[in-house]
Amino acid sequence: MMENPIFEIKKELIKWIKNLDDLETIQKVLDLKNFDEPASLVSDAQSEYSRTDDFDERFAKGLNPENARKESKKIIREWWDK
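Residue numbering for the sequence shown follows our numbering, beginning at 667 and increasing consecutively.
For the record, the hints were derived by calculation from the structure and aren't laboratory data. Keep in mind the model is a prediction, meaning the values are calculated, not measured. Misleading hints may appear alongside valid ones.
In silico DSS-like cross-links for lysine-lysine, where the CA-CA straight-line distance does not exceed 25 Å [unchecked claim]:
| no. | residue 1 | residue 2 |
| --- | --- | --- |
| 1 | K694 | K677 |
| 2 | K677 | K699 |
| 3 | K727 | K694 |
| 4 | K727 | K740 |
Just the calculated beta-carbon pair ranges, DEER-fashion [what the hints assert, rightly or not]:
| no. | residue 1 | residue 2 | range |
| --- | --- | --- | --- |
| 5 | E678 | N733 | 54 to 60 Å |
| 6 | I672 | D722 | 43 to 49 Å |
| 7 | F721 | N700 | 35 to 41 Å |
| 8 | L729 | I675 | 46 to 52 Å |
| 9 | D687 | D722 | 52 to 58 Å |
| 10 | N700 | R724 | 38 to 44 Å |
Backbone N, C-alpha and C define an ideal beta-carbon position, used for all residues, glycine too.
Let the hints inform the model, and build the full structure from the sequences given.
Written out as structure tokens, the structure reads:
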């Protein structure tokens with residue numbers, strides 16, 4: 667049976683951490699370990715998206731009904747001719 671590659675990576679990380687002598691690097695690893703907020707990453711990304719996603723602005727740039735009909739007819743004619 668083949669061993670999971672994650673186990674090998676974990677073993678390498680454990681070996682590396684055991685040999686660490688730099689306090690600053692150890693502190694960074696501890697900070698990473700204690701950063702147990704994956705939900706905040708998602709919510710931050712969603713809040714950023716909601717700030718940059720301006721529906722009204724995108725809607726105003728969209729097609730008016732007359733141009734939408736023309737585009738639809740054009741596409742249908744292209745499909746019909748194939």
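Against the structure, the hints come out as follows:
no.: 1; hint: K694 - K677; in the structure: 19 Å, holds
no.: 2; hint: K677 - K699; in the structure: 16 Å, holds
no.: 3; hint: K727 - K694; in the structure: 46 Å, violated
no.: 4; hint: K727 - K740; in the structure: 20 Å, holds
no.: 5; hint: E678 - N733: 54 to 60 Å; in the structure: 59 Å, holds
no.: 6; hint: I672 - D722: 43 to 49 Å; in the structure: 46 Å, holds
no.: 7; hint: F721 - N700: 35 to 41 Å; in the structure: 38 Å, holds
no.: 8; hint: L729 - I675: 46 to 52 Å; in the structure: 50 Å, holds
no.: 9; hint: D687 - D722: 52 to 58 Å; in the structure: 56 Å, holds
no.: 10; hint: N700 - R724: 38 to 44 Å; in the structure: 40 Å, holds
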